[in-house]
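2 protein chains.
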Amino acid sequence: MQAFENFNRDELINRKNKLLEEYENYKKQGLKLDMSRGKPCTEQLDLSNGVFNNVQNLFSEDGTDCRNYGLLDGITEAKKLFADLFDVNTDEIIIAGNSSLNLMYDLMAKAFNHGLNGFEKPWSKLEKIKFLCPCPGYDRHFAITQLFGVEMIIVPVNSNGPDIDMIEDLVSQDETIKGMWSIPMYSNPSGITYSDEVVIRLANMKTKASDFRIFWDNAYGLHHLYDTPDQLLNLISECKKAGNPNRTYMFGSTSKVTFPGAGVAFIASSNENINHLKKQISIQTIGYDKINMLLHTRFLKNAETVKQHMKKHAEILRPKFEAVNEILEKRLSGKGIASWNKPNGGYFISLDVLNGCAKRSVSLAKEAGVVLTNAGATFPLGIDPQDSNIRIAPTYPPLSELRTAIDVLSISVELAALELTLA
Amino acid sequence: MQAFENFNRDELINRKNKLLEEYENYKKQGLKLDMSRGKPCTEQLDLSNGVFNNVQNLFSEDGTDCRNYGLLDGITEAKKLFADLFDVNTDEIIIAGNSSLNLMYDLMAKAFNHGLNGFEKPWSKLEKIKFLCPCPGYDRHFAITQLFGVEMIIVPVNSNGPDIDMIEDLVSQDETIKGMWSIPMYSNPSGITYSDEVVIRLANMKTKASDFRIFWDNAYGLHHLYDTPDQLLNLISECKKAGNPNRTYMFGSTSKVTFPGAGVAFIASSNENINHLKKQISIQTIGYDKINMLLHTRFLKNAETVKQHMKKHAEILRPKFEAVNEILEKRLSGKGIASWNKPNGGYFISLDVLNGCAKRSVSLAKEAGVVLTNAGATFPLGIDPQDSNIRIAPTYPPLSELRTAIDVLSISVELAALELTLA
Chain A
10 MQAFENFNRD
20 ELINRKNKLL
30 EEYENYKKQG
40 LKLDMSRGKP
50 CTEQLDLSNG
60 VFNNVQNLFS
70 EDGTDCRNYG
80 LLDGITEAKK
90 LFADLFDVNT
100 DEIIIAGNSS
110 LNLMYDLMAK
120 AFNHGLNGFE
130 KPWSKLEKIK
140 FLCPCPGYDR
150 HFAITQLFGV
160 EMIIVPVNSN
170 GPDIDMIEDL
180 VSQDETIKGM
190 WSIPMYSNPS
200 GITYSDEVVI
210 RLANMKTKAS
220 DFRIFWDNAY
230 GLHHLYDTPD
240 QLLNLISECK
250 KAGNPNRTYM
260 FGSTSKVTFP
270 GAGVAFIASS
280 NENINHLKKQ
290 ISIQTIGYDK
300 INMLLHTRFL
310 KNAETVKQHM
320 KKHAEILRPK
330 FEAVNEILEK
340 RLSGKGIASW
350 NKPNGGYFIS
360 LDVLNGCAKR
370 SVSLAKEAGV
380 VLTNAGATFP
390 LGIDPQDSNI
400 RIAPTYPPLS
410 ELRTAIDVLS
420 ISVELAALEL
430 TLA
Chain B
10 MQAFENFNRD
20 ELINRKNKLL
30 EEYENYKKQG
40 LKLDMSRGKP
50 CTEQLDLSNG
60 VFNNVQNLFS
70 EDGTDCRNYG
80 LLDGITEAKK
90 LFADLFDVNT
100 DEIIIAGNSS
110 LNLMYDLMAK
120 AFNHGLNGFE
130 KPWSKLEKIK
140 FLCPCPGYDR
150 HFAITQLFGV
160 EMIIVPVNSN
170 GPDIDMIEDL
180 VSQDETIKGM
190 WSIPMYSNPS
200 GITYSDEVVI
210 RLANMKTKAS
220 DFRIFWDNAY
230 GLHHLYDTPD
240 QLLNLISECK
250 KAGNPNRTYM
260 FGSTSKVTFP
270 GAGVAFIASS
280 NENINHLKKQ
290 ISIQTIGYDK
300 INMLLHTRFL
310 KNAETVKQHM
320 KKHAEILRPK
330 FEAVNEILEK
340 RLSGKGIASW
350 NKPNGGYFIS
360 LDVLNGCAKR
370 SVSLAKEAGV
380 VLTNAGATFP
390 LGIDPQDSNI
400 RIAPTYPPLS
410 ELRTAIDVLS
420 ISVELAALEL
430 TLA
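Chains A and B supply the protein sequences, listed in that same order.
Numbers given in the numbering used here equal positions in the first sequence, counted from 1, plus 9.
Numbers given in the numbering used here equal positions in the second sequence, counted from 1, plus 9.
These are calculated hints, taken from the structure and not from any lab test.
As a list, the in silico DSBU-like pairs of lysine-lysine whose alpha-carbon atoms are at most 35 angstroms apart: (1) A:Lys41 <-> A:Lys321; (2) B:Lys139 <-> A:Lys134; (3) A:Lys36 <-> B:Lys288; (4) B:Lys137 <-> A:Lys139.
Facing chain B, a subset of chain A residues (Cβ under 7 angstroms, in silico): (5) Leu54; (6) Arg76; (7) Leu110; (8) Asn111; (9) Phe121; (10) Pro269; (11) Gln293; (12) Ile300.
These stretches of chain B come out as covered by chain A in the derived footprint (C-beta under 8 angstroms, 3 or more residues): (13) 42-53; (14) 73-84; (15) 100-113; (16) 121-129; (17) 297-304.
All C-beta atoms in this analysis are idealised placements derived from N, C-alpha and C, irrespective of residue type, glycine included.
Please model the entire structure based on the sequences and the hints provided.
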């Protein structure tokens, strides 16, 4: 659809004036609304206050005193819980710290400094390293690759995952392509889940680099909004079946299950990769916080109770996601100026506006007191080549504030589109 | 003194036979005693169970919800507490995770990958990097430098700190010497504290490398055994005074104040270094566990209450250290075969035996069921050039077991010395 194809110029000018009036009215309200980051709201945090209900003894089931040194890879019951939840074996997982992002950074640092399992050389000894970056994607992933001086190649994200034809083509030819970022389920921000075909082809594809590695950030693997969730194949098993068992590392945490920054994170991979990594980690630390693992495992109990717990999150979040969709629909549909997704889970809605209008839309919203993630943030180096993608993070604000914020954003998007069309 | 200078050969043979009898008696008991690592004992851990007494609300004093994302460098009251305890400003410290060792590894990784504040190039871009390693020292320090392929130069430790003449001489000439390990207070394992002169000369010395950095592991800065503790100058202030403000990073944690591995760690340095580091850390993680910081700060309260808390640790540990000294004294003194220190704090006693006898002593003790830190562990690559240093970690075993273990060790040391002398 063309932008505003059913409107003539006068109608557009009138429309713009009417919108400016609404916009100015919002501006006068002195709004201070923040939708920049994917933070859980207070009501969600309250769901997990029970983490601290069981502190009377701090011994794990096998009698380990979690208050003392020991157990590099985590306590047994925590390994069991997360292995169950993410469909790996307990010897394929390390429970490690509070931040999966930190684990990704750390794995990258090890890949550069020491080399991971199966590397001929640490990446710091090579002239050039490239990573595939499905886009729109997660700004913090791209910030890590940028910090390490990695060249980032944008791969478009389709409704079934990143463009797998393009990926197969690139990795088969270029041995400097050493890795790929991915958020395979309810992706940040596109909300899509990789199809079985995409996962299987990622596991099987021929790569010129023998040390090509997929950083599989399963951040939203448990974060369904509906009773009929998306389904994701387990890349670790698929890599095993394909004879490429060491190709991927999976990451996750309870940051959006219990407490952001005070939860439990994990890394999973083939047993061979994990054993290699454990040797490196044994030089880095004596161990991670076992008390927090213990309290988390006591609270979360098992895969079934975690599922119930996540349903409570969904009950809080569903109305927010649906409100965003409802307002965008009412404000922007049928005008040929915006499209967005209706995800079945995760933390984001990805809004695509007219090319060249994302920055202006975000800036207009900001002037009216609504802070969004910077336009461009969903691309490497913060540069969206088409300046069209905006990430909406609807989880943190209360519903009424969220409705206002999305209304302001919608007005801003339409105003930016009108400015462009009328220019 | 010569070894066994007052004994003739027959007397030594008799002595050996008598000792072998004692040794065999111990062996028959099937002992399983572990003195290999510096772990607090259960009684010490119990001192901190109160950490979890105040979990009813998880908001910090300034109203931050510690259950959510935010505050990269730690909550205000935690920064204040540790800044007070370690005599730095709150803008010179980051409260970060559970493990100071991890912070050291991490700083080294950043020095290699990205470069720290004031670096011309990341160290990974240089042909050769050397570190000064005061010895005997901490095996885990040396394991980090080894992993990064750093050449380690042994510097002997005297009673006032590492040989500062040698250090000044080396760093003034060799620009590949980029750093130095140090445990300046109640050093692991020598128990010595750096004198004011040594600290001041470290701060002021001319270094050929402009990016020479001292890793100042203040692991035992609070861990006094007596009411008249050693005194340590603050290297960060001395570096400031000397016009070398960015020369050092200090590390510490509550691993041996509250819970090993489930405590709170910090890194401190000049404000410029810390700001530079914060930018790098902001790529690595959204933040560290603020709930644990909050609970720790509520429990530890302030510098004065921490001092009282540490006195309770001292009351538990003093009898253990004194028992070790008493038994060594009784068993080994006056024979010219061993010397050891009587530290005023920390976690270790360093025992020097006849050259060539450390491995044999440790191995004899092990055969009799007493596990010590491997001989050689206190030197780079695990190789003690004189094979004479043994690290005693008296904190973990109950007093009665400790007495037995030290008795077995003493017998082993004397037997090894007799084997050598009679050979």
